[in-house]
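Q: Chains as they are written, first to last, in our numbering: chain A, 1053 to 1165; chain B, 34 to 145.
Be aware that a few hints might be false.
[Stated by the list, open to error] Each computed DSS-like pair below joins lysine-lysine, with the alpha-carbon atoms no more than 27 Å apart: (1) A:K1160 / B:K40; (2) A:K1160 / A:K1112; (3) A:K1108 / B:K40.
Quick caveat, the hints were computed from the structure, so don't treat them as lab data.
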Amino acid sequence: GDSVTQMEGPVTLSEEAFLTINCTYTATGYPSLFWYVQYPGEGLQLLLKATKADDKGSNKGFEATYRKETTSFHLEKGSVQVSDSAVYFCALKSSAGSYQLTFGKGTKLSVIP
Amino acid sequence: SAVISQKPSRDICQRGTSLTIQCQVDSQVTMMFWYRQQPGQSLTLIATANQGSEATYESGFVIDKFPISRPNLTFSTLTVSNMSPEDSSIYLCSVVLGTEAFFGQGTRLTVV
């Protein structure tokens, strides 16, 4: 079945550091890929998405590129801020079936001033 | 977009009891999803609830343990029955509008 493997956390960075959170997936066909963010005490919010190979999703300075050859969707940000401290989830939606998401375990990011 | 209100936000319950979690959406939606997030684990889909039909449960989840109601297009409940400490998790409801999934803030359940 479908699966998502995400970089283990927690990750602690200084403000303005470069961020990479690795995500690889296993799925049949051509899944859609997502990054969700969960700020403390809040629900999950969609951060960015990509629906086909070589698509780049971007939002709030975060980027991720759908790489089918490496089955990856790594999240990057050039300069993190304290306000980026949250848990980040990589997820996929199968190319078939209803809108069910398969999630990675989540990566907790803490950014210190 | 969709705004989802989920109640309660957290609860501490005695083993053997049941807890009903409510999910209210500000839009009419066909499908609602219930997820469980165990400590240190990813989100796992429990069931899909469609209005007017029985919920569809994923492998490992059964109706007797997690009964779901879906009385209309904006509301759903999930009950965690006969709780044990292993049920301590965050439970989230989710809806789909267009191609995007939206989530409630979650219910943090601790069973003692």
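Q: Now, for every hint given, state plainly whether the structure supports it.
A: Results of checking the hints against the structure:
1. A:K1160 / B:K40: Given that 27 Å is the threshold and the Cα spacing comes to 25 Å, the pair holds.
2. A:K1160 / A:K1112: Holds, because 18 Å separates the two Cα atoms, which is no more than 27 Å.
3. A:K1108 / B:K40: 36 Å, violated
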